[in-house]
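A.B. asks: Starting from the known structure of chain A, arrange chain B with the ligands on it as the hints suggest.
Chains A and B supply the protein sequences, listed in that same order.
With the first letter of the first sequence counted as 1, position 176 gets the number 176 in my numbering; the numbers rise by one all the way through.
With the first letter of the second sequence counted as 1, position 130 gets the number 130 in my numbering; the numbers rise by one all the way through.
Hints should not be assumed to be uniformly reliable.
Straight-line alpha carbon distances no greater than 25 Å define the calculated SDA-like cross-link-like pairs of lysine to any residue that follow [to be verified]:
#1 Lys228(B) - Thr328(A)
#2 Lys277(B) - Pro308(A)
#3 Lys421(B) - Met314(A)
#4 Lys276(B) - Met314(A)
Part of the chain A face toward chain B, derived, beta carbon under 7 Å [said to hold, decoys possible]:
#5 Ser78
#6 Ile79
#7 Gly141
#8 Gln317
#9 Ala321
#10 Ile329
Keep in mind the hints are simulated off the structure, nothing from the lab.
Beta carbons are placed, not taken as given, at the ideal position from N, Cα and C, and that holds for glycine.
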Amino acid sequence: MDSLPVINHTDPSTLSKADFTSDQDVRWCPGCGDYSILAQVQRTLPELNIPRENYVFVSGIGCSSRFPYYMNTYGMHSIHGRAPAIATGIKAARPDLSVWVITGDGDSLSIGGNHFIHVMRRNVDLQLMLFNNRIYGITKGQYSPTSEQGKITKSTPMGSIDHPINPVAIALAANATFVARTIDVEAKHLQSMIKRAAEHRGTSFIEVYQNCNIFNDGAFAPLSEKASKADHLLYLEHGKPMRFGKNNEKGIAMIGGCQPAVVDVQSHGEENLLVHDEQSEFIALMLSRFVRSEFPTLIGVIHAVERPTYDSMMAEQLKQAQQKGKDTIQALLDRGDSWEVT
Amino acid sequence: MTTEQLENVVIRFTGDSGDGMQLTGTEFTKTSAIAGNDLATFPDFPAEIRAPAGTLAGVSGFQIHFSSNAVFTPGDAVDVLVAMNPAALKSNLADLKEDGVLILNSEGFNKRNLERVNYDKDPRQDSSLSKYRVFDVDITGMTLKAIEELKLNQRSAVRCKNFFALGLVYWMFNRDPKHTIEWVEKKFAKQETIKNANIYALKAGYAFGETSEVFTHNYIVKKADIPKGRYRNISGNEALALGMMAAAELSGLELFLGSYPITPASDVLHYLSRQKKFGVKTFQAEDEIAAISAAIGASFCGSLAATTTSGPGLVLKGEALGLANMLELPLLVIDIQRGGPSTGLPTKTEQADLMLALHGRNGESPLPIVAAKGPGDCFYAAIEAARIAVTHMTPVILLSDGYIANGAEPWPIPSMQDIPKIDVQFRTEVEGFQPYLRDPKTLARPWAIPGVPGLEHRVGGLEKQDVTGTVSYDPQNHEHMIKTRAAKVAAVADSLPPTEVDGDLEGDLLIVGWGSSHGAIEAALPALRSNNKKVGHIGLRYLNPLPKDLKEICGRYQNVLVPELNMGQLSKHLQTELGLKVAEYHKVQGKPFRVIEIIEAAKRVLEAN
Ligand SMILES: Cc1ncc(C[n+]2csc(CCOP(=O)(O)OP(=O)(O)O)c2C)c(N)n1
Ligand code: SF4
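One chain only, chain A, in its complex shape (with noise of 0.2 Å):
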């Protein structure tokens, strides 16, 4: 790489979030959770002490897509769905910088499915944000592919007949090594995690529940309000039993050996409550599944594991093979079977 500019890179320990603010108008609807995300992603990075630079964040389409005009960073807002595949070119090209994948959750589940699953597999140290409004807000309210069965949208008049997909499932199914999930409307929270995925090396997996207060107002409603939040939100923390409630006086438990319930703490005992293990698989399998009514949702780091990422392998094969010396493109043409003709 002779031609790359020679980098003199600046100091991170100064930046602020105006620093990460862009010149350009936000588009979103007023009221839509999109602004909350971009204000605690731009109040997040001043802190992880990476020259600015050095950040590139890359989006399919959508609303939530928009984002990278709105970050004053290296940007490229691309094709639908495409975006992690895109960020694996820029990440394997480029392992040095910092990659940010922002999508939506048509974006990523429907058309983009496929890149979805290969680049949390492969491990590719990267941070995916998934925008989930359970929505397609930029075409104007069809149902997404996490749209609730029955959901009336303009594509689906009698009800949506498909059953809904479950982000943090596949994304386990596709061995991530790091899945968390958080709300649009829980700052603290939510920049927390936007912390703890920057910090994760490999692909770093957030699903950020967004309200579309145009064509979905409201999915999120039990998470985000005052006085039902307390009944419905667990937040998983690392080596602490799981615990949620007004009072928290509610856990979760197993009950027959293998099934996990919502038990009353008083009775059943905090010792034997669950544990949050972020990096047990099972844990993290089980906890994947608490979709149903009866459990609270979940938010917090389900999962957390180290593996090698995509790119540090691929740069360590390189230099492996560059060890026994450099060669020509020169000897490379003059090998193989060759003669002279005189």
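C.D. replies: What follows is chain B with the ligands alone, placed relative to chain A:
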């Protein structure tokens, strides 16, 4: 025994796909090249990996044309046909010349094999082969005998029969088997028995020719008068891979290939995957869309990014190609055409993706297109495509085809020092930076890659304001941008070298070809010119934009003939772009042109006027 001198010979080795005919052909090719012949080859293998043994679907062939003169094609008609079984005979006999040599493997002509291909009677026993010089040789039996002492199992022993056949043909053409022996020794260095078995079989075949008195003739094909220098054999796909690597070195860029396996393009991925030593990064993606997308990502980051595919894959890449066009990033998109539509004839050749390359995207999205003319030329075509891509900041489509990809030819080894460097300037200057501020000459925008402080910017597929790159829906701006992107592609023509014309520079007929038909047209030229007719030939390298001098050159001839392995795609392109009226000649049979076909098509045009 007499030794006859020949100028031109075409041999075709045919057998079941498990019979090792490709290897036999390759070895014969190498030995002939070393002996100083000019040559061209045409491997032809079935689409099925292992079709049932002995069936027509499983026939594999390798044709080589070698000569003491210049060779441009693998040859129209076959002088020597080696057929290991009835299926091979049945599907290839039509191409054997009258009085041609036909070597049959007797053991292959058993009842079962004959029935499989619906021979009611053994063709060796009726008069159907009387036009040919038939040699019914117990190849399998003699092979087994020759390697008896090695005590190989029956299956492995039978597999050595291709080396017996090769040995016999080596004798027939006075070829020294030593290069093949050396190759076997290297290849099977760790498998003593297999190594010896192959060598014994080869020598036995040679000795059989020499001693059996079955053959009354053998032949000599003298060295060709080829320009001095160092040569090697090269296939189109190998040359493409080397060309991309050379382009990376010439530009100082890192090569990144995103690809998804597809016949006949996969070999380029295979070849480049082995070149990590040179810093080449290859990515086998989950599909073609991911392959080109990853390449776009790598290009955004300053790599020389490429994606290789064949027709159906290019279709899938269309949307991302549109994105690359909007982003104005350099990208090499290589389409090794095969027979279509749809899955079509995956292992056969065609030149029918030109319209796809020109127009296969939504919206107004012109792109430069270059075409390779032959195996060795792929090397230069790849460098040229890369040069255009990085100079003008645009994706470039390079068209090759199955015939070029798998065909091989002796190739003068280039010297990297003689090839001009490719000038790449990454933008680092912050002052005055605008993502879509253009170079006035090339209309290229700056290549500003992530990691450079002060140049942070966003690109995307939405229409953008010129210069600033800000998203814009302004109708006037959109039209301006459409025209600007088109002008950028048109500007490529400014730096193209003058178009080369072979043969007569004016006169009765100009044959304009592209891609792999180059060889057949070149070979047809002498026959056409010897008739008091003035005939020229252009093998077009640049299909879009067309060279500026093309129209004027075409005007110097009474007629222009465009032969193509499609239904007239270049003809239509020339008609729309240059207003040229051309005579068309089409062939879509999954096969390359035969020289005679070009000659006849040209004569029809000449005689009609
Ligand atoms: C190839 C292609 N097909 C369809 C579309 C239209 N399209 C754009 S975004 C989208 C769905 C967006 O939904 P989601 O990803 O959930 O994003 P949101 O707008 O809700 O943020 C569709 C169908 C397109 N742009 N490209
Ligand atoms: S349509 Fe929905 S998702 Fe899109 S910007 Fe408006 S509120 Fe947000």
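A.B. asks: Any CB of chain B closer than 7 Å to the CB of alanine 321(A)?
C.D. replies: Constraint on alanine 321(A) satisfied, holds at 4 Å.
A.B. asks: Minimum Cβ distance from glycine 141(A) to chain B below 7 Å?
C.D. replies: violated, 21 Å
A.B. asks: Is the straight-line distance between the alpha-carbon of lysine 276(B) and that of methionine 314(A) 25 Å or less?
C.D. replies: holds, 9 Å
A.B. asks: Does the alpha-carbon distance linking lysine 277(B) and proline 308(A) stay inside the 25 Å limit?
C.D. replies: Cα-Cα ~21 Å, so holds.
A.B. asks: Check the hint pairing lysine 228(B) with threonine 328(A) against an upper bound of 25 Å on the C-alpha distance.
C.D. replies: holds, 24 Å
A.B. asks: Would the pair lysine 421(B) and methionine 314(A) pass a check requiring their Cα atoms to be no farther apart than 25 Å?
C.D. replies: Between lysine 421(B) and methionine 314(A) the Cα gap is close to 28 Å, so the pair fails against 25 Å, i.e. violated.
A.B. asks: Any CB of chain B closer than 7 Å to the CB of glutamine 317(A)?
C.D. replies: holds, 6 Å
A.B. asks: Less than 7 Å between beta-carbons is the criterion; does isoleucine 79(A) satisfy it with respect to chain B?
C.D. replies: holds, 5 Å
A.B. asks: Given serine 78(A) as an interface hint, is the shortest Cβ-Cβ distance to chain B below 7 Å?
C.D. replies: Given a least distance of 6 Å, the restraint on serine 78(A) holds.
A.B. asks: Against chain B, is isoleucine 329(A) within 7 Å by beta-carbon distance?
C.D. replies: The hint holds - isoleucine 329(A) has a Cβ within 7 Å of chain B, the shortest such distance being about 5 Å.
Taken one by one, the earlier hints fail for this structure at numbers 3 and 7, listed in ascending order.
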